[in-house]
Amino acid sequence: MDHQFEPKIMAFLCSWCSYTGADMAGVGRMQYPANIRIIRVMCSGRMDPLFVMKAFESGADGVLVSGCHPGDCHYTTGNYYTRRRFAALRKLIDFLGIDNRRLKVTWVSGSEGARFSEVTREMTREIRELGPLKLLAPVGV
Amino acid sequence: MTHTATQVRGLVEVVDEHHPEAERVPVLTRARSGTSIMVDTEKTERIRERVRGLLSEGRVEYFIGYEAGSDPLHVSPSFVQQTDEVEHLVWNLMSINNLVTYLKRYRKQRMGLLVKGCDSRSVIELLKLHQVKRENVYLLGVPCTGILDPKKVAARCNPAAILAIREDHDLVFIEVGVEGRTDEPQVLEFEKHDLLFDKCRSCDYPNPLVYDELVGDPVPVRARVGGKFEDVEHLEQSSIEERLSFWQEQFNKCIRCYACKNVCPMCFCAECLWEKRDPQWVTKYPNPNDTFTFHMIRAYHMVGRCTGCMECERVCPVDIPLGTIFKKIEKDCLELFDYQPGLELDVVPPLSTFDEGDQSQEDLLR
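These protein sequence lines map, in sequence, to chains F and E.
Sequential numbering of the first sequence, starting at 12, is according to the working numbering.
Sequential numbering of the second sequence, starting at 117, is according to the working numbering.
Hints may contain errors.
[To be verified] List time: in silico EDC-like cross-link candidates among lysine to aspartate or glutamate, alpha-carbon distance up to 20 angstroms: (1) Lys145(F) with Glu358(E); (2) Lys145(F) with Glu357(E); (3) Lys268(E) with Asp435(E); (4) Lys344(E) with Glu451(E); (5) Lys447(E) with Asp105(F); (6) Lys102(F) with Glu358(E); (7) Lys102(F) with Glu357(E); (8) Lys19(F) with Glu129(F); (9) Lys447(E) with Glu478(E); (10) Lys102(F) with Glu346(E); (11) Lys308(E) with Glu283(E); (12) Lys102(F) with Glu451(E); (13) Lys102(F) with Glu349(E); (14) Lys19(F) with Glu68(F); (15) Lys102(F) with Asp479(E); (16) Lys447(E) with Glu352(E); (17) Lys377(E) with Glu387(E); (18) Lys102(F) with Glu478(E); (19) Lys224(E) with Asp328(E); (20) Lys392(E) with Asp59(F); (21) Lys65(F) with Glu391(E); (22) Lys102(F) with Asp474(E); (23) Lys102(F) with Glu352(E); (24) Lys102(F) with Asp454(E); (25) Lys377(E) with Asp435(E); (26) Lys400(E) with Glu68(F); (27) Lys447(E) with Asp110(F); (28) Lys102(F) with Asp448(E); (29) Lys447(E) with Asp314(E); (30) Lys369(E) with Glu68(F); (31) Lys392(E) with Glu68(F); (32) Lys308(E) with Asp284(E); (33) Lys145(F) with Glu365(E); (34) Lys447(E) with Glu346(E); (35) Lys65(F) with Asp394(E); (36) Lys102(F) with Asp347(E).
Just so you know, these hints were derived from the structure itself, not from any lab.
Note that the structure is predicted; figures quoted are calculated from it, not measured.
Generate coordinates for the entire structure from the input sequences, incorporating the hints supplied.
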């Protein structure tokens, strides 16, 4: 039997654009991988890097954060902060040994169902190649 | 005899006849705990005099400085409330503690504080983040020529046998012998930069950047020894698997004593994420995964905030190289936002602001 590694990917989507975009993908019957587990947040600016780490710690192999395109934020400026924060976080996780391809930030608008489908398929493919995240240190406890 | 030692009520005075040009300084003083330590007399006297003045004028409710620690290579923070306690205050080559960390606990009171160049940067960050009011703190700045690392000193001579430590420009003389014995003490000579803390070896700000008055004249910036980010760059060049196993190995030592976060002057949340029970983000016991999260997120919280005082690394009981993570943060912050924390009061911290047209960050997201 062929055991292909199926990654678990947590997707934190902003309520106003990306979550609607994912919904649009469904309505438009555009397929996206079942590896994606979606959590809706009110704004990508709500994303605390702690959520990302908890996702990794709890067994996620990848984390996708998606919000409105810069300039289109429902709360005007939320995603600009996200952009700065995650630019810094991605450098940091890479330094501590988590491949930063496992954490992606992207912008998907409410009408871009096709784009959501494409982004998630691409990310799933990439993480499938990377293999499972072996964060847990090989010690007891 | 090269040394004359007079002991007057616990105060030992050692005069080196080999160096008559060196100031005649009582290099040993008896601490409350009964140990002897070396002091820089000139600065110590200036500090004591000023603190006495500040307390009697009522400018400060109390003053935090240094006093002799439990052994000659350490000092302890000293909390002075009455003028007769002023005699405990000292300044010497071992005064490493960043006293600014106490500001977060006593920020409601009018207090005086002894700050070195590096410590003053923490004050600037706290002022910027509205954690403390400028009028509530009186800063006594000390231009600093570098602090000796007790670990490095102890690696080169027996700490129990140290009688005196003197500095002369770039040299440090350590006299070793047995106190009370008349045979000649041995004088060991070291290059100062070999004994300095790593952060002092690449110090850019030896003079306080914010202060109410200075003790002593400003000192020049010492020539840097080696690159500041050498360890960071070394790790950056290794493979991702090597980095992960390196940090896992380091973090596995962690006993989650939280000394690093408690000593950090910038860790000031009233309700601490790591101590919260509802929701409980990390376990109470040092589960390796949660320890990884703890160090990662604590480091992330310091982006654009950590001034590199390296107190976390110094107090770590299991020697995790936390300084490397915080140097990485400093390096990233410079590269991404061209920002160095703790230098100017009126520059907004990089994560508290944004730049709409910033395309360079856009590329770093995926």
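Evaluated hints:
1. Lys145(F) with Glu358(E): Roughly 13 angstroms separates the two Cα atoms, so the pair holds.
2. Lys145(F) with Glu357(E): Roughly 10 angstroms between the alpha carbons, so the hint for Lys145(F) and Glu357(E) holds.
3. Lys268(E) with Asp435(E): holds, 14 angstroms
4. Lys344(E) with Glu451(E): holds, 15 angstroms
5. Lys447(E) with Asp105(F): Between Lys447(E) and Asp105(F) the Cα gap is close to 14 angstroms, so the pair holds against 20 angstroms.
6. Lys102(F) with Glu358(E): Within the cut-off at roughly 16 angstroms; holds.
7. Lys102(F) with Glu357(E): holds, 16 angstroms
8. Lys19(F) with Glu129(F): Holds, at about 17 angstroms.
9. Lys447(E) with Glu478(E): It holds: about 19 angstroms lies between the C-alpha atoms, which stays within 20 angstroms.
10. Lys102(F) with Glu346(E): The hint holds at about 17 angstroms.
11. Lys308(E) with Glu283(E): This hinted pair holds, its Cα atoms lying about 8 angstroms apart.
12. Lys102(F) with Glu451(E): Measuring from Cα to Cα gives roughly 11 angstroms; hence the hint holds.
13. Lys102(F) with Glu349(E): The hint holds at about 13 angstroms.
14. Lys19(F) with Glu68(F): holds, 12 angstroms
15. Lys102(F) with Asp479(E): holds, 12 angstroms
16. Lys447(E) with Glu352(E): Judged against 20 angstroms, a Cα distance of about 12 angstroms means the pair holds.
17. Lys377(E) with Glu387(E): holds, 13 angstroms
18. Lys102(F) with Glu478(E): holds, 13 angstroms
19. Lys224(E) with Asp328(E): With Cα atoms ~19 angstroms apart, Lys224(E) and Asp328(E) stay inside 20 angstroms; holds.
20. Lys392(E) with Asp59(F): Cα-Cα ~16 angstroms, so holds.
21. Lys65(F) with Glu391(E): holds, 16 angstroms
22. Lys102(F) with Asp474(E): Status holds; Cα separation ~17 angstroms.
23. Lys102(F) with Glu352(E): holds, 10 angstroms
24. Lys102(F) with Asp454(E): With a Cα-Cα distance of about 15 angstroms, the restraint between Lys102(F) and Asp454(E) holds, given a limit of 20 angstroms.
25. Lys377(E) with Asp435(E): With Cα atoms ~15 angstroms apart, Lys377(E) and Asp435(E) stay inside 20 angstroms; holds.
26. Lys400(E) with Glu68(F): holds, 16 angstroms
27. Lys447(E) with Asp110(F): holds, 19 angstroms
28. Lys102(F) with Asp448(E): Holds. Lys102(F) to Asp448(E) sits at ~7 angstroms (cutoff 20 angstroms).
29. Lys447(E) with Asp314(E): holds, 16 angstroms
30. Lys369(E) with Glu68(F): Distance of about 18 angstroms is within 20 angstroms: holds.
31. Lys392(E) with Glu68(F): holds, 18 angstroms
32. Lys308(E) with Asp284(E): Measuring from Cα to Cα gives roughly 9 angstroms; hence the hint holds.
33. Lys145(F) with Glu365(E): holds, 14 angstroms
34. Lys447(E) with Glu346(E): Distance of about 11 angstroms is within 20 angstroms: holds.
35. Lys65(F) with Asp394(E): holds, 15 angstroms
36. Lys102(F) with Asp347(E): holds, 16 angstroms
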